[in-house]
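Number of protein chains: 2
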Amino acid sequence: MSETIAFLKPRADVLARRATIIADLADLLPPEGLVHEPRELVPFETDAFVSYRRLPLAVALPTSTAEVAAVLKYCHRYGIPVVPRGAGTSLCGGAIPQEDAVVIGLSRLSRILEIDTANRTATVQAGVTNLAISDAVSPEGFFYAPDPSSQLACTIGGNIGMNSGGAHCLKYGVTTNNLLGVKLVLVDGTVIALGGKHLDAAGYDLLGLVCGSEGQLGIVTEATVRILAKPEGARPVLFGFDTSEEAGACVADVIGSGIIPVAIEFMDKPAIEICEAFAKAGYPLDVGALLIVEVEGSEAEMDAMLALIVEIARRHGVLTVRECQSATEAALIWKGRKSAFGATGRIADYICMDGTVPLSQLPYVLKRTGEIVAGFGLRVANVFHAGDGNMHPLILFNANDPVEAAKAEAAGNEILKLCVDAGGCLTGEHGVGIEKRDLMRHQYSEADLAQQMAVRAAFDAQWLMNPSKVFPLEGRPAA
Amino acid sequence: MSETIAFLKPRADVLARRATIIADLADLLPPEGLVHEPRELVPFETDAFVSYRRLPLAVALPTSTAEVAAVLKYCHRYGIPVVPRGAGTSLCGGAIPQEDAVVIGLSRLSRILEIDTANRTATVQAGVTNLAISDAVSPEGFFYAPDPSSQLACTIGGNIGMNSGGAHCLKYGVTTNNLLGVKLVLVDGTVIALGGKHLDAAGYDLLGLVCGSEGQLGIVTEATVRILAKPEGARPVLFGFDTSEEAGACVADVIGSGIIPVAIEFMDKPAIEICEAFAKAGYPLDVGALLIVEVEGSEAEMDAMLALIVEIARRHGVLTVRECQSATEAALIWKGRKSAFGATGRIADYICMDGTVPLSQLPYVLKRTGEIVAGFGLRVANVFHAGDGNMHPLILFNANDPVEAAKAEAAGNEILKLCVDAGGCLTGEHGVGIEKRDLMRHQYSEADLAQQMAVRAAFDAQWLMNPSKVFPLEGRPAA
Numbered sequence: 001m002s003e004t005i006a007f008l009k010p011r012a013d014v015l016a017r018r019a020t021i022i023a024d025l026a027d028l029l030p031p032e033g034l035v036h037e038p039r040e041l042v043p044f045e046t047d048a049f050v051s052y053r054r055l056p057l058a059v060a061l062p063t064s065t066a067e068v069a070a071v072l073k074y075c076h077r078y079g080i081p082v083v084p085r086g087a088g089t090s091l092c093g094g095a096i097p098q099e100d101a102v103v104i105g106l107s108r109l110s111r112i113l114e115i116d117t118a119n120r121t122a123t124v125q126a127g128v129t130n131l132a133i134s135d136a137v138s139p140e141g142f143f144y145a146p147d148p149s150s151q152l153a154c155t156i157g158g159n160i161g162m163n164s165g166g167a168h169c170l171k172y173g174v175t176t177n178n179l180l181g182v183k184l185v186l187v188d189g190t191v192i193a194l195g196g197k198h199l200d201a202a203g204y205d206l207l208g209l210v211c212g213s214e215g216q217l218g219i220v221t222e223a224t225v226r227i228l229a230k231p232e233g234a235r236p237v238l239f240g241f242d243t244s245e246e247a248g249a250c251v252a253d254v255i256g257s258g259i260i261p262v263a264i265e266f267m268d269k270p271a272i273e274i275c276e277a278f279a280k281a282g283y284p285l286d287v288g289a290l291l292i293v294e295v296e297g298s299e300a301e302m303d304a305m306l307a308l309i310v311e312i313a314r315r316h317g318v319l320t321v322r323e324c325q326s327a328t329e330a331a332l333i334w335k336g337r338k339s340a341f342g343a344t345g346r347i348a349d350y351i352c353m354d355g356t357v358p359l360s361q362l363p364y365v366l367k368r369t370g371e372i373v374a375g376f377g378l379r380v381a382n383v384f385h386a387g388d389g390n391m392h393p394l395i396l397f398n399a400n401d402p403v404e405a406a407k408a409e410a411a412g413n414e415i416l417k418l419c420v421d422a423g424g425c426l427t428g429e430h431g432v433g434i435e436k437r438d439l440m441r442h443q444y445s446e447a448d449l450a451q452q453m454a455v456r457a458a459f460d461a462q463w464l465m466n467p468s469k470v471f472p473l474e475g476r477p478a479a
Numbered sequence: 001m002s003e004t005i006a007f008l009k010p011r012a013d014v015l016a017r018r019a020t021i022i023a024d025l026a027d028l029l030p031p032e033g034l035v036h037e038p039r040e041l042v043p044f045e046t047d048a049f050v051s052y053r054r055l056p057l058a059v060a061l062p063t064s065t066a067e068v069a070a071v072l073k074y075c076h077r078y079g080i081p082v083v084p085r086g087a088g089t090s091l092c093g094g095a096i097p098q099e100d101a102v103v104i105g106l107s108r109l110s111r112i113l114e115i116d117t118a119n120r121t122a123t124v125q126a127g128v129t130n131l132a133i134s135d136a137v138s139p140e141g142f143f144y145a146p147d148p149s150s151q152l153a154c155t156i157g158g159n160i161g162m163n164s165g166g167a168h169c170l171k172y173g174v175t176t177n178n179l180l181g182v183k184l185v186l187v188d189g190t191v192i193a194l195g196g197k198h199l200d201a202a203g204y205d206l207l208g209l210v211c212g213s214e215g216q217l218g219i220v221t222e223a224t225v226r227i228l229a230k231p232e233g234a235r236p237v238l239f240g241f242d243t244s245e246e247a248g249a250c251v252a253d254v255i256g257s258g259i260i261p262v263a264i265e266f267m268d269k270p271a272i273e274i275c276e277a278f279a280k281a282g283y284p285l286d287v288g289a290l291l292i293v294e295v296e297g298s299e300a301e302m303d304a305m306l307a308l309i310v311e312i313a314r315r316h317g318v319l320t321v322r323e324c325q326s327a328t329e330a331a332l333i334w335k336g337r338k339s340a341f342g343a344t345g346r347i348a349d350y351i352c353m354d355g356t357v358p359l360s361q362l363p364y365v366l367k368r369t370g371e372i373v374a375g376f377g378l379r380v381a382n383v384f385h386a387g388d389g390n391m392h393p394l395i396l397f398n399a400n401d402p403v404e405a406a407k408a409e410a411a412g413n414e415i416l417k418l419c420v421d422a423g424g425c426l427t428g429e430h431g432v433g434i435e436k437r438d439l440m441r442h443q444y445s446e447a448d449l450a451q452q453m454a455v456r457a458a459f460d461a462q463w464l465m466n467p468s469k470v471f472p473l474e475g476r477p478a479a
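So the sequence lines, in the order shown, correspond to chains A and B.
Counting from 1, position 385 in the first sequence corresponds to residue 385 in the UniProt record's numbering; the numbering is continuous, with no gaps.
Counting from 1, position 204 in the second sequence corresponds to residue 204 in the UniProt record's numbering; the numbering is continuous, with no gaps.
Heads up, a few of these hints could be off.
As the list makes no split between identical chains, a pair holds if one copy fits it or if it spans any two.
[Unchecked claim] Derived DMTMM-like pairs (lysine to aspartate or glutamate); straight-line CA-CA distance at most 20 Å: (1) Lys417 to Glu45; (2) Lys9 to Asp460; (3) Lys407 to Asp135; (4) Lys230 to Asp253; (5) Lys230 to Glu301; (6) Lys171 to Glu301; (7) Lys367 to Glu414; (8) Lys73 to Glu446.
Since the hints were derived computationally from the structure, they do not count as laboratory data.
Model, not experiment: these values are computed from the prediction.
Let's have the full structure, built from the sequences with the hints guiding it.
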């Protein structure tokens, strides 16, 4: 489907001024902070969505808020589009550049600025990876809760841009629930501070607005996040069911009963087989669907919660309940789950959807997802954050077959529309990016979209920041 | 201080058209939905901040989203200011009207629309009271977590406007953490939907932005909130200390160690005496400061968490640890705390501050607060959500003595500045309203404020919605 994605037409005047722009940027950045040779631009030509490739005009790699501000101020003055980039792990094309854009890569803003256990906060630069935050606070007994599967690579800046989630967000919330403050550079280079170490904010919650705004309202250069004390213990437990519908109904009943484990992850039979072949996690292969339910706390607390969950699972005909016996086994169970996308990529091309649905709709949506994909003659593997209703159907196809690629895209669109029609939403944690841009009309009325775009214009009247993303290209207000 | 508060100059053209406006509104609303006789307008002339009184031009009391939309559309077309109002319990003047404004009172939008335990949500109209939500879902074993002290009276619409908190928000978060969706009427009468029963939202988090926007971005007519399963048990425990500083240091250490009880409420000696005299809650009178720490879960879980807290409290020289022995005793303990403002009002006039500070600053800020108020020759009682760092110094004064009133206001301003300077914020849960409007410059730079006002203008270019609130009157962009 790669070349079917429309971008905004490159601004011819910007392309014509390329040499001048690079010379000007070279005045603002040290030599190692500016990439412009075509060969060196290749690593920035796409992101993990990999369905569109374009070399950007140039890449700025600042090491300070001041450098970010200088580049933005320059681009704003001369009407040059800007695409912010963390680690490029976006699954919706959020960091894909365009030919007339300066990419601002935050990877060199990689310092941990402060760990404040007394206030349970960590303040880090935007290019620090998600896992590095937990690693840094771990010796003090703390961790940072949101845990995207890409947490080894993805940056906190990217997490904020997409309001990223992860398996453990069922209990702890997604990025926006764990973010206390940011330093934000506006499109004209003005630096503002949102939030801090304290609860709440006076005036509007611009922090909440910026979280999940996909790099369109400014560039975050520093973030203060909430850190949490590590639980006394944690235990993932495997629940095997005959069918996906039974597993889905069990999840809905657990959550509907008010129990909130740390995580409830779901894998259907294809996903189990793919992950087990890759990670040797010890998943049962004789079941049709698997839940990984993690409980935490003291031994007594874990036992008590588990007993309630087992009782509900029995009502849904659970076939297997297996508690892991060691930390090694627990780590393997999570390794298997977190490598699901990578393991799938080894056996086929795939696109990963990211719809969310109300929990009670889970069995129905799972069933319809299977029917939709089968209707296109394709296969699907489901592996997702079930407790949050955040589905990730992986539609398998052959990217070298344009017909199959078009079918995969069409199936994906139908699935996302299904999620919306079931009372859900196009995205749980991956963002809209370019992938779901045109589906926004299915989720929102014209009035809804107009209001979102008006807010955007209040930050970036020229639509310079990551301009081809989030909103349908047609029907935008004139910049 | 009542008459020192500046409002925007009433729009003379609006005042001149009063008779026409009332006649026009009478076409849009049934007779019982429109109040315009001066005598009948009196209940709407102020709110719980009570420091300014003006009869509004008229009060609309709609019973449907369509009526709200019709009134807003009309006011927008004719440039008439609008002040939304829930139950009028605002402590910062958020619902205080102005002479040229139509108050839109939401109290008659009081229906509970749906309780969906399978998805753990309740959908209610904006005028439903906070406590009515918990009451409605209680038979199914659920509750709605944010619990402002005014929860018997205050409405969910007002809670959303102010992003209200409460004692139990330490564990469960404030309104924004428990809000899933709203129906919002924009200033021109357009109705948009934000969020729903699902996790996250595609596009920008306008739901998070609207929560806490003090009625300036539109009027919420319906809300879908998260409901939670009632815990197995809950137990408030009283910890008495010799001094406020010791109690504050204990709170900072509990939170800093990563323990998160359901609530940690703080009362200093004056607050203990005032509340005990009123509620006969059984608070110890021989201590200098008291913490009410609530733990919840199974008996074993409560015992385990309590043991950790007691150990920390011992390190801070705790004098008394008293677990309550019955549900009646627990209810009394909370009744005492929640009636603190009312009980204080019986013995003196007071203004209640609402600053938040990073936890580690709590002992210092408590000490300085005492010094500041004493410096003005006044008394202070401190009763607040300590675990959140959300302070509520009640400055006692005689409202009939203009000199004392001015001193109280000056002391309050100094305390709020102290909170900001300690890395905190002007408000935790009460909002900015008119009370803290002019202090916004102490918290924010001109660029910060300009960006907030630009967002506001993206919703309400004419500044018609609750116009005299939140932002300093000087330095606003031309409407």
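These are the hints, each one checked on the structure:
For a Cα distance limit of 20 Å, the shortest separation of Lys417 from Glu45 qualifies neither inside one copy, at 29 Å, nor across copies, at 48 Å. Taking identical chains as interchangeable, the C-alpha atoms of Lys9 and Asp460 lie at most 20 Å apart only when both belong to the same chain, with a minimum of 19 Å there against 32 Å between chains. For the homomeric pair Lys407 and Asp135, neither the shortest alpha-carbon distance inside one copy (42 Å) nor that between copies (50 Å) is at most 20 Å. When the C-alpha separation of Lys230 and Asp253 is checked against a cutoff of 20 Å, the pair qualifies only between copies, where the shortest distance is 16 Å, while the shortest distance within a copy is 28 Å.
Proximity of Lys230 to Glu301 under the C-alpha cut-off of 20 Å is found in both arrangements, the shortest distances being 15 Å within a copy and 16 Å between copies. For a Cα distance limit of 20 Å, the shortest separation of Lys171 from Glu301 qualifies both inside one copy, at 15 Å, and across copies, at 17 Å. For the homomeric pair Lys367 and Glu414, the shortest alpha-carbon distance inside one copy (13 Å) is at most 20 Å, but the shortest distance between copies (61 Å) is not. In this assembly of identical chains, Lys73 and Glu446 lie within 20 Å of each other by CA distance solely across copies; the values are 18 Å between and 32 Å within a copy.
When held up to the earlier numbered hints, the structure conflicts with 1, 3 and fits the remainder.
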